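Residue numbers (the numbering used here), protein chains in the order written: chain A, 1 to 314; chain B, 1 to 314; chain C, 1 to 314.
Derived by calculation from the structure, the hints in this document are not laboratory data. A quick note: this is a predicted structure, and the numbers were derived from the prediction, not measured. Please note that a few of the clues may not be correct.
Within a straight-line C-alpha distance of at most 25 Å, the following computed DSS-like cross-link-like pairs (lysine-lysine) qualify [said to hold, decoys possible]: (1) K214(C) - K58(B); (2) K167(B) - K193(B); (3) K71(B) - K88(C); (4) K214(C) - K193(C); (5) K71(A) - K58(C).
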Amino acid sequence: MKNYTSLSDIENLQELIAEALALKNENTSASFGKGKTLGMLFFNPSLRTRLSTEKAAKLLGMEVMVMNADKDGWALEFEDGAVMDSNKAEHIREAAAVLSQYCDIIAVRAFPGLIDRNKDEEDTVINSFVKYATVPVVNLESATGHPLQALTDAITVSELKKVNRPKVVLTWAPHPRALPQSVPNSFVEVMQKMDVDLVITNPEGYDLNPKVTKETTILHNQEEALQDADFVYVKNWSSYEDYGKILNEDRNWTFVKKKLEITNDAKVMHCLPVRRNVVIDDAVLDSGNSVVIHQANNRTFAAQVVLRRLLSRD
Amino acid sequence: MKNYTSLSDIENLQELIAEALALKNENTSASFGKGKTLGMLFFNPSLRTRLSTEKAAKLLGMEVMVMNADKDGWALEFEDGAVMDSNKAEHIREAAAVLSQYCDIIAVRAFPGLIDRNKDEEDTVINSFVKYATVPVVNLESATGHPLQALTDAITVSELKKVNRPKVVLTWAPHPRALPQSVPNSFVEVMQKMDVDLVITNPEGYDLNPKVTKETTILHNQEEALQDADFVYVKNWSSYEDYGKILNEDRNWTFVKKKLEITNDAKVMHCLPVRRNVVIDDAVLDSGNSVVIHQANNRTFAAQVVLRRLLSRD
Amino acid sequence: MKNYTSLSDIENLQELIAEALALKNENTSASFGKGKTLGMLFFNPSLRTRLSTEKAAKLLGMEVMVMNADKDGWALEFEDGAVMDSNKAEHIREAAAVLSQYCDIIAVRAFPGLIDRNKDEEDTVINSFVKYATVPVVNLESATGHPLQALTDAITVSELKKVNRPKVVLTWAPHPRALPQSVPNSFVEVMQKMDVDLVITNPEGYDLNPKVTKETTILHNQEEALQDADFVYVKNWSSYEDYGKILNEDRNWTFVKKKLEITNDAKVMHCLPVRRNVVIDDAVLDSGNSVVIHQANNRTFAAQVVLRRLLSRD
Numbered sequence: 001m002k003n004y005t006s007l008s009d010i011e012n013l014q015e016l017i018a019e020a021l022a023l024k025n026e027n028t029s030a031s032f033g034k035g036k037t038l039g040m041l042f043f044n045p046s047l048r049t050r051l052s053t054e055k056a057a058k059l060l061g062m063e064v065m066v067m068n069a070d071k072d073g074w075a076l077e078f079e080d081g082a083v084m085d086s087n088k089a090e091h092i093r094e095a096a097a098v099l100s101q102y103c104d105i106i107a108v109r110a111f112p113g114l115i116d117r118n119k120d121e122e123d124t125v126i127n128s129f130v131k132y133a134t135v136p137v138v139n140l141e142s143a144t145g146h147p148l149q150a151l152t153d154a155i156t157v158s159e160l161k162k163v164n165r166p167k168v169v170l171t172w173a174p175h176p177r178a179l180p181q182s183v184p185n186s187f188v189e190v191m192q193k194m195d196v197d198l199v200i201t202n203p204e205g206y207d208l209n210p211k212v213t214k215e216t217t218i219l220h221n222q223e224e225a226l227q228d229a230d231f232v233y234v235k236n237w238s239s240y241e242d243y244g245k246i247l248n249e250d251r252n253w254t255f256v257k258k259k260l261e262i263t264n265d266a267k268v269m270h271c272l273p274v275r276r277n278v279v280i281d282d283a284v285l286d287s288g289n290s291v292v293i294h295q296a297n298n299r300t301f302a303a304q305v306v307l308r309r310l311l312s313r314d
Numbered sequence: 001m002k003n004y005t006s007l008s009d010i011e012n013l014q015e016l017i018a019e020a021l022a023l024k025n026e027n028t029s030a031s032f033g034k035g036k037t038l039g040m041l042f043f044n045p046s047l048r049t050r051l052s053t054e055k056a057a058k059l060l061g062m063e064v065m066v067m068n069a070d071k072d073g074w075a076l077e078f079e080d081g082a083v084m085d086s087n088k089a090e091h092i093r094e095a096a097a098v099l100s101q102y103c104d105i106i107a108v109r110a111f112p113g114l115i116d117r118n119k120d121e122e123d124t125v126i127n128s129f130v131k132y133a134t135v136p137v138v139n140l141e142s143a144t145g146h147p148l149q150a151l152t153d154a155i156t157v158s159e160l161k162k163v164n165r166p167k168v169v170l171t172w173a174p175h176p177r178a179l180p181q182s183v184p185n186s187f188v189e190v191m192q193k194m195d196v197d198l199v200i201t202n203p204e205g206y207d208l209n210p211k212v213t214k215e216t217t218i219l220h221n222q223e224e225a226l227q228d229a230d231f232v233y234v235k236n237w238s239s240y241e242d243y244g245k246i247l248n249e250d251r252n253w254t255f256v257k258k259k260l261e262i263t264n265d266a267k268v269m270h271c272l273p274v275r276r277n278v279v280i281d282d283a284v285l286d287s288g289n290s291v292v293i294h295q296a297n298n299r300t301f302a303a304q305v306v307l308r309r310l311l312s313r314d
Numbered sequence: 001m002k003n004y005t006s007l008s009d010i011e012n013l014q015e016l017i018a019e020a021l022a023l024k025n026e027n028t029s030a031s032f033g034k035g036k037t038l039g040m041l042f043f044n045p046s047l048r049t050r051l052s053t054e055k056a057a058k059l060l061g062m063e064v065m066v067m068n069a070d071k072d073g074w075a076l077e078f079e080d081g082a083v084m085d086s087n088k089a090e091h092i093r094e095a096a097a098v099l100s101q102y103c104d105i106i107a108v109r110a111f112p113g114l115i116d117r118n119k120d121e122e123d124t125v126i127n128s129f130v131k132y133a134t135v136p137v138v139n140l141e142s143a144t145g146h147p148l149q150a151l152t153d154a155i156t157v158s159e160l161k162k163v164n165r166p167k168v169v170l171t172w173a174p175h176p177r178a179l180p181q182s183v184p185n186s187f188v189e190v191m192q193k194m195d196v197d198l199v200i201t202n203p204e205g206y207d208l209n210p211k212v213t214k215e216t217t218i219l220h221n222q223e224e225a226l227q228d229a230d231f232v233y234v235k236n237w238s239s240y241e242d243y244g245k246i247l248n249e250d251r252n253w254t255f256v257k258k259k260l261e262i263t264n265d266a267k268v269m270h271c272l273p274v275r276r277n278v279v280i281d282d283a284v285l286d287s288g289n290s291v292v293i294h295q296a297n298n299r300t301f302a303a304q305v306v307l308r309r310l311l312s313r314d
């Protein structure tokens, strides 16, 4: 593995999942990453991603250096040829090249602006690091994808499925703020690589990028979609068509307990943080059907397996 | 020890003090905490607590992950059943459960609001972590107590006392800002467990919570209280009766050099940070009577002994 | 070495450079700093300095504790005898003494205000730490100097020079913001200790502190200065004479490609971050003449050699 910035960096998903689940059950040798340094740069807040990736690196024996990019350091310029006479003090070319000398792996979180779709789709921050860094780059959630979360989700579904080919439903839910499509994008992409029956359900106007969803079934009727589901992944996202907008706050889409009855006693997943009683009701989150905490734990093992691959470059 | 959120978590104070003083003089084996992770969450600023606890954990061989809770992560919701449609992105239930998977011990600092006494006395942040975390929780100063500081103070008095039963005076001093009662509360509580003659002195209107002070003598005449003191603990706090208010800024309560003459050549203590020439005069802080730096050093050993107990759960 | 706060702390520069270049090529034993702690305090932003110093310490086996001084901790009072009734919660006397107990080396970054020259020249923050700390203090860039950068620059010139006595030109360049003189000051001072032919060139009104430049040639004609240069160090600084002011934004001083032709195929240096196309043109930075990334890498080895000396106190 050369970088881990999108799911296409994974050659053999099943192998990676198996490796992660093995790691989860073994006492990892701390010698693998000894003398190696992970640099983590945050342009946006993070709890799980920050701590699980740091934990994973340390379990591998790595040193970790964490920076809140704009607050601790300098505002970065990403445009080539820019005459840097405004508020950006450092160009990504220098920042990435220098960090590559201090770190053996660079991990970066940078959310979309949700204003200009074309700009967000260029995923400038993460792609600039890939372009100018000379060490592997890890995506800690970029404008369009969250492949560490998606690998976690694939691990979780593999671990908890009771049938060979489970039905997995990704359902939109309301939320008071406009959120990125990065998590649902990567979830759809990773599920498309798995032996599952994937269905997406969302209100009209909320269809994800068709280049991501491809042939995947999209239903605008949540009840129909949830029929016999083995896994329900609940998640809000803002509109892709009317880019970055909130078109709907209909609480009928909130995942409440009675919706479980339509499913096949489904496991309920969410990447967290979750707005209780807006996205998912307390009664679901506090029931045995919720696996959100179990899922969050798998973040560590997803990160560990990716870091191991990047260190060994195999 | 299961948690360390209040002094009542200590079973045998003398044993703990002896252990801390032994640690201070030995080269701690770094293997005790090897492979274990301390997560530290700060809702408020910290210098000594942050660094001494981090140092203590590392001396034990632990890994440490530090987060400025609201700045680096997500604003937390603590209310059960809340419909999370405002600015709080994550519920304590998820945050505590997830952190419990990444960390072997969680340490939390969360100051009081000093507006609503009942609310502060619920000590919601620390108590919610205890409720929802599945690993031990350490109080790095909560709304009502600072038990790591109090253990430090007990260690310091034990170490420096010259008579079997020293007279220990806690005296209020003026301060330009309204401060919590957490430090004096915990100091009073820990001294009540020690073989000392404890006297509290403060202006009228500044009596601490009677549930804390209990039978301890409270004098409103500082001079009378200081007579023959072996230790003087100087500290400001805002009013408990007229909750969170500054009722008095009388510089006659500042601890100045001539007040030492009334005492039995007392050792002067303070938890730091200290406002020089408002709380305590330069002439006292820079004299041989001041033990505030010595006291701050004991923070490391208090933290170390608590972390050891929590790791071994004995 | 007792502290490293200015270049005068270096006894034998050549020895230090040789040691750094040896470190660069060896696998450092991580045992040298084992059980020792570096505390880093930032009053200003930092990327290279933060990460290279942290990396250096960890390569030596040290633990590192990083604090954004005012944000994570308490605002510090530096004035002796101050009546601390305003917004400063802690005096440097306590802060430095306490940190000396938690850390084996304290490293501090504190920029100048660029308003009051006399005040900046007192370099209060770094000098107060030296005065009140009981452990070695490292300057991570103070109001008047940046000796870790200067040592890096000396290492880089030593490593890359092709003639015994290279011509080294320090040239001013325009910049949209008023910058400190700390980097050029220390660069001039370190080059004065080297066997080089040093020339400074800057517009009128931009002459550096004469106590720093001493007998060094200062030319106000950039073209004349650049003749046959082996190294060109490009850097902006605000006026020393009309203190902290921007007197000139003349882009004729920008270092563009055609200026290289006057030189002896010079290596181009800069401490970074660099404003592209304002300070130095893309065509220079992206050419083989630029050694700015190579130079940044040497930060790690400069820091390592200084930390080693401070730990061994030799």
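Each hint tested on the structure:
1. K214(C) - K58(B): With Cα atoms ~47 Å apart, K214(C) and K58(B) exceed 25 Å; violated.
2. K167(B) - K193(B): 14 Å, holds
3. K71(B) - K88(C): Roughly 22 Å between the alpha carbons, so the hint for K71(B) and K88(C) holds.
4. K214(C) - K193(C): Given that 25 Å is the threshold and the Cα spacing comes to 13 Å, the pair holds.
5. K71(A) - K58(C): Holds, at roughly 23 Å.
In this structure, the one hint that does not hold is number 1.
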